[in-house]
Amino acid sequence: MSAGTQVHANLTEEQVREISGDLNEPDWLTETRLEALEALEELDMPDVIRTPGRDWTNLHDLDFESLVDPLNAAEDKDQVGPDEAEVLAWSDAVAEHEELLKEHFGSIVDPQENYLTALSTALFSTGTVIYVPEGVDAEDVTVRTEQNSRSLFNYTLVVTEESSSVTILERQSTGAEQDEQYYSGVVEVAAGENSYVQYGSLQNLSKEAYNFTVKRGVADTYATVDWIEGNLGTQLTKTEVSTTLSGDSSETQIVGAFYGHNDQHFDLDAKVWHRAEHTTADLVTRGVTDDVARSVYEGVQDVGADAWDTSSYQRENTLMLSDESEADASPKLIINNHDTEASHSATVGQIDAEDLFYMTSRGVDPRAARNMLVEGFFVPVLEEVDVDELRDDLEELIGARLRQRD
Amino acid sequence: MARLELNNLHAEVAEGDETILEGVNLEVQSDEIHALMGPNGSGKSTTAKVIAGHPAYEVTEGDVLLHLEDDEFGEDIEIDEDQRTWNLLDLEPNERAALGIFLGFQYPAEIEGVTMTNFLRTALNAKIEEREELFEDEEDDESDAADDEGFESSPMEGPADEGEIGVAEFQQILQEKMEQLEMDEKFAQRYLNAGFSGGEKKQNEVLQAAILEPSIAVLDEIDSGLDIDRLQDVSNGINALRDEQGTGVLQITHYQRILDYVEPDHVHVMLDGQIAKSGGPELAEKLEDKGYDWVREEVYGTA
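First to last, the protein sequences are chains V and G.
Oh and the first sequence: position 386 is 386 in full-length UniProt numbering, straight run, nothing missing.
Oh and the second sequence: position 29 is 29 in full-length UniProt numbering, straight run, nothing missing.
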């Protein structure tokens with residue numbers, strides 16, 4: 001089904017030109033945006049899992065007409081990094097690094113991949129470019145975005161040159177809340193030979209917000225791209241975190257943690273494409289659903305025909321705290337090269353009554369026991385989070401949400 | 001002194017109507033060690049779980065009473081006369097624990113992500129707090145509430161969940177008890193029973209009892225699957241509970257073996273959901289030699 005009917009009258013070429021012009025973008029970028037705008041009519045919503053009778057996530061009902069307010073993009077932003085690396089606001093990157101942008105922009109996430117990437121490409125007004133020169137180790141790059149407008153389109157590009165490394169912590173939250181808000185983010189990571197990128201993200205937007213995010217990396221020879229993906233906010237989130245292992249001996253890890261309550265809906269994809277020899281992937285996600293929240297997890301490990309000596313592992317576990325919450329998982333393993341060691345699993349469960357009894361019989365009250373069990377459930381993924389600040393924040397937010405319960 | 005009294009206790013599985021306990025009568029008091037023996041399926045473990053309040057069982061008849069003397073919890077807790085007998089069946093598992101009941105599990109739960117230290121300190125503090133609540137006079141209630149408010153507004157106060165026993169103090173208690181049981185101190189930072197061997201789990205149950213200082217400890221097959229060294233460590237731990245803390249022990253076992261190390265004052269044989277026979281230590285030896293059929297014969301008159 002085409003989403004073309006959702007392109008609305010108040011979204012015009014003039015607006016796109018105005019956004020691009022305000023950022024002093026070169027013509028080719030303006031053109032890329034205009035093409036994306038034009039393509040909206042033809043493009044579909046991102047894929048969601050479908051089973052007979054229903055789509056697991058319904059994106060078509062999103063009312064973009066009222067959600068998108070192209071020329072108002074109020075935000076509060078911090079973009080901070082060490083001196084050795086360049087951490088630039090989008091307009092500065094346009095002024096200083098046009099060639100870099102020309103090489104990488106839209107090369108990893110196709111602007112016209114789907115309706116929402118195209119919308120994001122046409123309308124993004126804020127962004128960050130992180131450039132790490134050869135041999136540089138850059139720690140503690142932080143990008144914090146606080147949304148104060150009805151809609152906000154954000155773009156991030158990370159480029160690491162040979163044998164460099166960078167740790168990035170990105171956070172999204174909501175400042176001035178409105179009834180409904182839309183946050184859209186596209187992140188492209190180009191990890192050069194033998195470089196290391198750790199990209200941690202903590203999404204804690206307001207409970208009324210909608211969120212669409214694609215984060216995708218390409219790892220060159222001996223490069224590593226590690227993702228940490230924390231999702232706590234929004235009423236509806238659709239995200240993809242993925243890596244293409246395009247260089248021999250490249251690696252990726254995707255660590256995810258989510259906690260949905262009230263009527264939150266999370267649709268989370270973790271994907272890896274093995275496209276070279278001796279590549280390794282480790283996908284591990286844990287999440288909790290409570291009240292009438294719903295989670296949909298799709299994990300894909302795709303081993304290409306030329307991906308000899310592949311190692312690929314995937315685990316997803318969801319804990320349901322209420323009888324009314326729902327959790328679905330679809331771990332997929334596509335193997336086109338027999339020289340592969342792979343595993344994939346997904347479980348959905350509830351708090352074990354025997355575990356709870358064991359703890360209460362020692363004197364712990366049922367509520368505290370349950371909270372300890374849930375916090376303990378997240379520990380295996382939190383242990384994988386190398387960024388202390390992100391781990392501490394996640395722990396704290398999970399703990400706070402648990403203590404909010406009756 | 002404390003005394004646990006089971007009166008004509010009948011219980012069945014909550015979901016279903018299979019009766020498992022058919023009128024159990026038993027008394028265990030402080031400073032005593034009781035062995036509860038019997039063939040598989042006779043109701044021993046169910047008795048233990050019902051005492052602790054396992055939600056899978058429903059009591060259809062009878063009582064589980066706990067009698068306390070005024071000094072059971074030391075000087076800090078004053079036990080009024082009308083608070084000396086508790087019907088445990090009216091209480092939640094954590095409240096029973098606060099009153100001094102401890103269940104050592106046959107199959108302890110493995111809980112990932114929760115360290116032993118964190119769990120045990122939480123349990124100990126929860127127990128102290130719950131006990132204070134259970135024995136609180138109503139008049140005290142109000143003044144306590146006022147106190148609490150005062151705490152919250154005081155910037156000098158530590159985090160609210162610190163509890164009565166602080167981290168440092170608890171570490172000391174834990175270390176001491178672990179040494180007594182000859183446990184490796186690395187256990188303290190491991191996740192609760194996760195990846196523990198069978199023997200390590202049992203040792204950990206005794207350690208928990210040592211720290212929580214129960215009035216009555218029910219130990220469900222604490223001895224099964226232990227090698228001789230660990231059996232001795234565990235036995236020493238159980239004897240210490242009685243000798244040093246005055247704990248009354250109800251020890252469920254299939255084997256005479258542990259009774260060589262933990263000498264029972266009383267031995268009970270359970271058959272078909274009832275205590276069929278009680279006696280002294282010699283009864284356990286006879287069971288070891290002759291099995292249970294003779295008890296059955298004696299009780300029912302036929303084999």
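In short, the hints are calculated from the structure, not lab data.
Do not take every clue at face value.
DMTMM-like, lysine to aspartate or glutamate: derived pairs with alpha carbons at most 25 Å apart [said to hold, decoys possible]:
#1 G:Lys177 - G:Asp31
#2 V:Lys207 - V:Asp78
#3 G:Lys201 - V:Asp355
#4 G:Lys201 - V:Glu354
#5 G:Lys201 - V:Asp352
#6 G:Lys186 - V:Asp386
#7 G:Lys201 - V:Asp386
#8 G:Lys186 - V:Asp355
#9 V:Lys332 - V:Asp355
#10 V:Lys77 - V:Asp393
#11 V:Lys102 - V:Glu18
#12 G:Lys286 - G:Glu58
#13 G:Lys201 - V:Glu383
#14 G:Lys186 - V:Asp78
#15 G:Lys186 - V:Glu98
#16 G:Lys201 - G:Glu179
#17 V:Lys77 - V:Glu18
#18 G:Lys186 - V:Glu383
#19 G:Lys186 - V:Glu375
#20 V:Lys77 - V:Glu98
Computed Cβ-Cβ distance ranges for the label pairs, DEER-style [unchecked claim]:
#21 G:Glu185 - V:Glu208: 44 to 52 Å
#22 V:Pro52 - G:Glu132: 53 to 61 Å
#23 V:Arg367 - G:Asp70: 25 to 33 Å
#24 V:Gln350 - G:Ser278: 52 to 60 Å
#25 G:Gln232 - V:Ser311: 40 to 48 Å
#26 V:Arg367 - G:Asp63: 41 to 49 Å
Cβ coordinates follow ideal geometry from the N, Cα and C atoms, glycine included.
Results for each hint:
| no. | hint | result |
| --- | --- | --- |
| 1 | G:Lys177 - G:Asp31 | holds, 20 Å |
| 2 | V:Lys207 - V:Asp78 | holds, 22 Å |
| 3 | G:Lys201 - V:Asp355 | holds, 14 Å |
| 4 | G:Lys201 - V:Glu354 | holds, 16 Å |
| 5 | G:Lys201 - V:Asp352 | holds, 19 Å |
| 6 | G:Lys186 - V:Asp386 | holds, 23 Å |
| 7 | G:Lys201 - V:Asp386 | violated, 31 Å |
| 8 | G:Lys186 - V:Asp355 | holds, 23 Å |
| 9 | V:Lys332 - V:Asp355 | violated, 31 Å |
| 10 | V:Lys77 - V:Asp393 | holds, 19 Å |
| 11 | V:Lys102 - V:Glu18 | holds, 20 Å |
| 12 | G:Lys286 - G:Glu58 | violated, 34 Å |
| 13 | G:Lys201 - V:Glu383 | holds, 24 Å |
| 14 | G:Lys186 - V:Asp78 | violated, 43 Å |
| 15 | G:Lys186 - V:Glu98 | violated, 56 Å |
| 16 | G:Lys201 - G:Glu179 | holds, 16 Å |
| 17 | V:Lys77 - V:Glu18 | holds, 21 Å |
| 18 | G:Lys186 - V:Glu383 | holds, 18 Å |
| 19 | G:Lys186 - V:Glu375 | holds, 22 Å |
| 20 | V:Lys77 - V:Glu98 | holds, 22 Å |
| 21 | G:Glu185 - V:Glu208: 44 to 52 Å | holds, 50 Å |
| 22 | V:Pro52 - G:Glu132: 53 to 61 Å | holds, 58 Å |
| 23 | V:Arg367 - G:Asp70: 25 to 33 Å | holds, 31 Å |
| 24 | V:Gln350 - G:Ser278: 52 to 60 Å | violated, 42 Å |
| 25 | G:Gln232 - V:Ser311: 40 to 48 Å | holds, 46 Å |
| 26 | V:Arg367 - G:Asp63: 41 to 49 Å | violated, 28 Å |
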